[in-house]
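Enquirer: Order-wise, the sequence lines are chains A, Z and S.
Everything in the first sequence is counted per the numbering used here, starting at 1 for the first residue and increasing by one.
Everything in the second sequence is counted per the numbering used here, starting at 66 for the first residue and increasing by one.
Everything in the third sequence is counted per the numbering used here, starting at 193 for the first residue and increasing by one.
Errors might be hidden in some of the hints.
[Said to hold, decoys possible] Calculated cross-link-like contacts (lysine to any residue; reagent style SDA-like; alpha-carbon spacing at most 25 Å): (1) Z:Lys97 x S:Gln447; (2) Z:Lys180 x Z:Ile112; (3) S:Lys754 x A:Glu7; (4) S:Lys454 x Z:Gln105; (5) S:Lys495 x A:Lys38; (6) Z:Lys144 x S:His764; (7) A:Lys38 x S:Ile751; (8) S:Lys809 x S:Ala839; (9) S:Lys709 x S:His764; (10) S:Lys451 x S:Lys754; (11) S:Lys451 x Z:Asp141; (12) S:Lys451 x Z:Asp123; (13) S:Lys195 x S:Glu358; (14) S:Lys754 x S:Glu715; (15) S:Lys468 x A:Asp43; (16) S:Lys454 x Z:Glu158; (17) S:Lys454 x Z:Lys180; (18) S:Lys782 x S:Asp894; (19) Z:Lys144 x S:Glu358; (20) S:Lys760 x S:Glu476; (21) A:Lys24 x S:Tyr832; (22) S:Lys531 x S:Glu368; (23) A:Lys24 x S:Gly755; (24) S:Lys230 x S:Tyr210; (25) A:Lys18 x A:Ile31; (26) Z:Lys67 x Z:Gly136; (27) A:Lys3 x S:Ala839; (28) A:Lys3 x S:Ile751; (29) Z:Lys168 x Z:Pro184; (30) S:Lys779 x S:Glu358.
[As the list claims (entries may be wrong)] Example chain Z residues on the side facing chain S (calculated, C-beta under 8 Å, incomplete): (31) Ala129; (32) Gly147; (33) Cys148; (34) Asp164.
Don't read these hints as lab results, they were simulated from the structure.
Backbone N, C-alpha and C define an ideal beta-carbon position, used for all residues, glycine too.
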Amino acid sequence: MIKVNGEEMEWHPGMTVKDILEAKKFIFPMIGVWINDKPIPRDKFETTVVNDGDDVQVIHMISGG
Amino acid sequence: MKRLATYPERCVGCENCMLTCSKTWFKEEDKKLSRIRVIQSNSGYEINVCNQCGICIDTCPTLAIGRDALGVVRIDESKCVGCLMCAGFCPTESMFTADNKEKPFKCIACGICSKECPPRALVLEQD
Amino acid sequence: MDKMKLLTKWEYKPVNIYRGYAGRTLYINISNFSFQEKPVSEDMKEKFIGGRGFGLKLLWDAVKDTTKWNDPENEIVISGGPLCGITQYPGSGKCYTVFISPLTEQTYDSNAGGYFGPLLKFSGWDALEIQGKADRDIIVFIDGDNNKVEIYESPFEEVSAVTVTEALHEYFADNEEDKRNISVVSTGKGAENSYWGCLNMSFYDLRRKTPRLKQAGRGGGGTVFRDKKLAAIVVKKRGISPSSNNPADLATLQQVGLKLHKEIRDLDDQQNRMRKVGTPHLNEIMNEYHLLPVHNYKFGQHKDAPKIHSKIFEGIFTQGIPDGCWYGCSMACAKAADKFELKTGPLKGRKVTVDGPEYETCAGLGSNIGVFDPEWIIEANFYADHYGLDTISLGTGIAFVCECYELGFLNKEITNGLELNFGAKDDIMELIHRMGRGDDEFARIVGLGIRRMKKIFSEKYGAPRDVLENIGMEGQGLEVSEYVPKESVAQWGGYFLTLKGPQHDEAWLIFMDRVNKQLPTFEDKAEALHYFPNFRLWFSLVGLCKLPWNDIEPADNAIKYKGIEAAKVPEHVQNYVDLFNAVTGKKITKEELIIQSERVYNFQRVFQLRLGKGTRKHHNIPLRAIGPVFPEEWEARKDYYDNELKAAGIDPENLSTEEKIEKLQKYRLSQWEQLVDAVYKRRGWNKNGIPTIETLRRLGIDYPEVVEVVKRHLKPEDEWES
Chain A
1 MIKVNGEEME
11 WHPGMTVKDI
21 LEAKKFIFPM
31 IGVWINDKPI
41 PRDKFETTVV
51 NDGDDVQVIH
61 MISGG
Chain Z
66 MKRLATYPER
76 CVGCENCMLT
86 CSKTWFKEED
96 KKLSRIRVIQ
106 SNSGYEINVC
116 NQCGICIDTC
126 PTLAIGRDAL
136 GVVRIDESKC
146 VGCLMCAGFC
156 PTESMFTADN
166 KEKPFKCIAC
176 GICSKECPPR
186 ALVLEQD
Chain S
193 MDKMKLLTKW
203 EYKPVNIYRG
213 YAGRTLYINI
223 SNFSFQEKPV
233 SEDMKEKFIG
243 GRGFGLKLLW
253 DAVKDTTKWN
263 DPENEIVISG
273 GPLCGITQYP
283 GSGKCYTVFI
293 SPLTEQTYDS
303 NAGGYFGPLL
313 KFSGWDALEI
323 QGKADRDIIV
333 FIDGDNNKVE
343 IYESPFEEVS
353 AVTVTEALHE
363 YFADNEEDKR
373 NISVVSTGKG
383 AENSYWGCLN
393 MSFYDLRRKT
403 PRLKQAGRGG
413 GGTVFRDKKL
423 AAIVVKKRGI
433 SPSSNNPADL
443 ATLQQVGLKL
453 HKEIRDLDDQ
463 QNRMRKVGTP
473 HLNEIMNEYH
483 LLPVHNYKFG
493 QHKDAPKIHS
503 KIFEGIFTQG
513 IPDGCWYGCS
523 MACAKAADKF
533 ELKTGPLKGR
543 KVTVDGPEYE
553 TCAGLGSNIG
563 VFDPEWIIEA
573 NFYADHYGLD
583 TISLGTGIAF
593 VCECYELGFL
603 NKEITNGLEL
613 NFGAKDDIME
623 LIHRMGRGDD
633 EFARIVGLGI
643 RRMKKIFSEK
653 YGAPRDVLEN
663 IGMEGQGLEV
673 SEYVPKESVA
683 QWGGYFLTLK
693 GPQHDEAWLI
703 FMDRVNKQLP
713 TFEDKAEALH
723 YFPNFRLWFS
733 LVGLCKLPWN
743 DIEPADNAIK
753 YKGIEAAKVP
763 EHVQNYVDLF
773 NAVTGKKITK
783 EELIIQSERV
793 YNFQRVFQLR
803 LGKGTRKHHN
813 IPLRAIGPVF
823 PEEWEARKDY
833 YDNELKAAGI
843 DPENLSTEEK
853 IEKLQKYRLS
863 QWEQLVDAVY
873 KRRGWNKNGI
883 PTIETLRRLG
893 IDYPEVVEVV
903 KRHLKPEDEW
913 ES
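Please build the complete structure, drawing on both the sequences and the hints.
Expert: In structure tokens, the structure reads:
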């Protein structure tokens with residue numbers, strides 16, 4: 001199990017940040033992802049693997065200008 | 066189209082071009098006012114000067130930028146409002162700005178610097 | 193166009209603009225054609241900064257407590273601000289128009305891009321103040337090149353934005369290129385018959401060879417304009433230069449501007465694609481997050497939403513043209529559809545350039561009324577601009593009408609033949625044309641706005657008032673803008689605890705609240721509802737557009753900063769501090785920036801109070817804004833809403849959908865009251881939403897006339913327990 005924005009989510013081996021965003025349908029482009037308080041650059045979403053028990057924060061910036 | 070072609074492998078870093086350019090167009094010798102920039106790199110020198118690609122033409126809100134009869138991209142200063150979008154969007158960063166100049170400036174392929182370049186790293190070309 | 197008839201002329205002395213200010217404002221009384229040059233004091237600059245601040249200050253001095261929107265005393269005040277008209281930084285051409293609104297019966301302030309704000313200032317005026325009413329349609333011309341103001345009799349039989357604007361750019365320009373030195377404020381015939389009148393402000397597009405229209409859309413400014421018999425206001429000023437504002441530090445302006453241009457060059461494509469698509473990049477995003485208003489905010493998503501996907505508009509908008517609405521805007525989001533052939537109405541068959549649609553129009557005159565046809569939306573956008581109607585109020589208002597029709601509260605007899613179901617494209621377009629023409633009683637009633645429609649539909653047509661109150665999406669008399677607020681307590685506040693009505697000028701907190709879950713307590717929400725409205729409203733004081741603040745962000749923003757700090761885009765906030773200091777020569781900090789805004793925020797709050805509003809009871813919220821009203825809304829997201837009920841400590845088992853709805857409403861209404869308390873407290877207001885004397889003092893706006901208004905309304909029982 002991992003936590004995403006405080007909510008529990010099923011984890012599977014090899015799960016990437018991109019997988020999480022797709023599963024949650026987080027399609028907003030202006031997103032900051034932090035795993036266990038460490039920031040992940042946007043160009044590394046596809047390749048960054050998430051580990052079991054990780055605390056993931058997906059921060060959407062403000063929209064609706 | 067007329068443009069200043071560069072052969073950086075010939076450059077010796079004398080900086081004559083920069084001083085000549087700023088002297089010619091801004092009446093003072095100041096590398097920050099030159100429309101050509103020579104920078105030292107690991108393998109020698111890099112020369113940054115406008116290649117007249119014209120991408121800036123479509124960024125200008127007042128139609129101040131256009132090509133002259135020889136294809137050289139020129140700024141009509143009477144129309145320029147100094148928004149600097151051309152400088153911001155130049156793919157080679159060859160549109161220059163300076164703290165004490167309100168409007169941007171670029172190489173207009175006059176060729177004066179090429180006359181002051183001993184190793185002939187700068188050549189005015191026409192195709 | 194024939195030579196216009198000159199009614200009066202007034203000459204003025206030129207001034208030098210210094211550090212972003214002309215140092216004076218222009219007052220025109222169009223009842224008696226008198227003119228006045230009013231000096232701007234240091235205190236006025238210090239406390240009110242400019243723009244909306246100046247507008248509110250001038251309006252305060254001009255009206256009585258009892259002034260109504262259609263009294264001659266009401267004013268239209270237009271002002272940019274000290275940063276308005278710089279050319280180096282994206283989004284620097286904005287101005288605000290301040291007036292007493294027909295919809296909300298209190299002050300409204302509406303912003304627009306275009307060239308009017310800068311050209312007005314460089315003509316020598318920090319604000320334009322128009323009071324009175326003319327005895328015939330007039331055109332006011334501010335000739336900044338020759339230092340005079342002329343008032344002409346309007347030659348236009350019908351005042352409609354597109355035709356009037358085009359004609360006046362032509363009339364006052366010496367040649368094609370000169371047209372960019374002109375800006376026209378206009379509205380349309382629809383503003384004569386509706387309280388949803390908008391103002392259009394033009395700029396000339398040299399490449400398209402046509403004027404473009406930006407809108408000060410909301411609040412009914414166009415209605416006030418036509419009530420005063422203004423047909424147009426024109427300003428002309430040649431010779432805009434990079435230092436027209438006479439800034440203290442031009443080099444910094446250049447550096448910061450260049451930095452933003454490069455940021456946009458490098459990152460816009462991966463971020464919000466503003467240069468390609470503009471604000472409609474939000475269409476599919478809002479749909480995905482259940483935030484796209486569908487069928488009068490019943491739902492946040494619709495299966496046909498892909499038909500209005502941003503990619504479709506990208507294909508319609510002409511690409512590769514610098515679409516900034518003032519010089520230097522590389523955000524370039526003023527997209528347009530060119531050579532668009534109109535299929536209906538008075539200009540049927542004509543191929544026109546349509547400004548937009550913006551996201552709000554795609555949603556308001558689209559999903560919210562059940563229409564998912566991009567070409568229909570574009571045509572509706574065009575006619576809304578031409579008739580001078582606010583597309584947001586029009587969309588949300590018509591959505592209300594459609595729901596009333598589907599509920600059987602209205603019928604074909606009442607609507608004079610129109611079958612106004614959701615998605616009834618042809619009939620809805622006809623309704624818009626009728627609003628434009630002003631020849632139909634029902635269309636006229638619609639145009640009075642949701643608040644008055646509720647009264648009329650119940651009194652005249654027997655519709656149940658309580659249901660209308662629940663589904664009529666308005667706050668303080670203004671229609672809600674196009675985001676579904678239901679599922680975010682913070683956004684209830686963002687819409688319904690505002691100064692002027694439910695528009696997202698002040699706050700957009702939905703992601704922060706519900707997706708990021710960064711505002712768990714009421715205090716957290718209140719803190720966000722203190723910081724963001726104050727930060728966002730700062731732009732209104734200085735003449736800037738807020739889109740370059742957060743519709744583009746530095747590459748490392750989300751890495752360097754976490755959480756709410758990242759959402760503030762700290763590097764851009766610093767840009768704005770630097771820009772302000774570079775123009776004015778002052779040395780403000782990020783903290784002072786907020787206080788500048790908080791000062792005017794509270795002044796405006798007291799102004800609303802002065803006009804008979806501005807207390808807790810006026811911060812109304814309809815039930816549709818806080819959750820489902822009818823079973824179909826619950827059933828559309830059954831699991832989600834059942835979970836919401838569980839999270840509220842209520843077991844959904846064995847409850848009918850109606851019972852579940854009622855229980856959730858009761859729970860959420862109690863949450864609303866707690867939010868209101870927390871927000872008022874944080875803002876330094878008492879329980880009734882009135883700024884305390886202490887707050888006025890802290891902000892330096894304890895002027896005698898301001899204190900006097902507040903003192904009349906302060907009651908000991910409204911104080912917080914210590």
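Enquirer: Next, verify each hint and record whether it holds.
Expert: Status of each hint after checking the structure:
1. Z:Lys97 x S:Gln447: This hinted pair holds, its Cα atoms lying about 14 Å apart.
2. Z:Lys180 x Z:Ile112: Holds, at about 16 Å.
3. S:Lys754 x A:Glu7: holds, 18 Å
4. S:Lys454 x Z:Gln105: holds, 23 Å
5. S:Lys495 x A:Lys38: violated, 37 Å
6. Z:Lys144 x S:His764: This hinted pair is violated, its Cα atoms lying about 29 Å apart.
7. A:Lys38 x S:Ile751: holds, 8 Å
8. S:Lys809 x S:Ala839: violated, 29 Å
9. S:Lys709 x S:His764: holds, 24 Å
10. S:Lys451 x S:Lys754: At roughly 23 Å apart (the allowed maximum being 25 Å), Lys754 (chain S) and Lys451 (chain S) satisfy the hint.
11. S:Lys451 x Z:Asp141: holds, 24 Å
12. S:Lys451 x Z:Asp123: holds, 19 Å
13. S:Lys195 x S:Glu358: OK: Lys195 (chain S) and Glu358 (chain S) at ~16 Å, within 25 Å.
14. S:Lys754 x S:Glu715: Holds. Lys754 (chain S) to Glu715 (chain S) sits at ~19 Å (cutoff 25 Å).
15. S:Lys468 x A:Asp43: holds, 21 Å
16. S:Lys454 x Z:Glu158: Holds, because 10 Å separates the two Cα atoms, which is no more than 25 Å.
17. S:Lys454 x Z:Lys180: violated, 34 Å
18. S:Lys782 x S:Asp894: holds, 23 Å
19. Z:Lys144 x S:Glu358: holds, 22 Å
20. S:Lys760 x S:Glu476: holds, 24 Å
21. A:Lys24 x S:Tyr832: holds, 14 Å
22. S:Lys531 x S:Glu368: The hint holds at about 20 Å.
23. A:Lys24 x S:Gly755: Roughly 19 Å between the alpha carbons, so the hint for Lys24 (chain A) and Gly755 (chain S) holds.
24. S:Lys230 x S:Tyr210: Holds, because 17 Å separates the two Cα atoms, which is no more than 25 Å.
25. A:Lys18 x A:Ile31: Holds, at roughly 12 Å.
26. Z:Lys67 x Z:Gly136: holds, 6 Å
27. A:Lys3 x S:Ala839: holds, 18 Å
28. A:Lys3 x S:Ile751: holds, 19 Å
29. Z:Lys168 x Z:Pro184: violated, 32 Å
30. S:Lys779 x S:Glu358: violated, 43 Å
31. Ala129: Violated - the Cβ of Ala129 (chain Z) stays beyond 8 Å from chain S, reaching only about 10 Å at its closest.
32. Gly147: The hint holds - Gly147 (chain Z) has a Cβ within 8 Å of chain S, the shortest such distance being about 3 Å.
33. Cys148: holds, 3 Å
34. Asp164: holds, 4 Å
Hints 5, 6, 8, 17, 29, 30, 31 from the list above are not met by this structure, while the remaining hints are.
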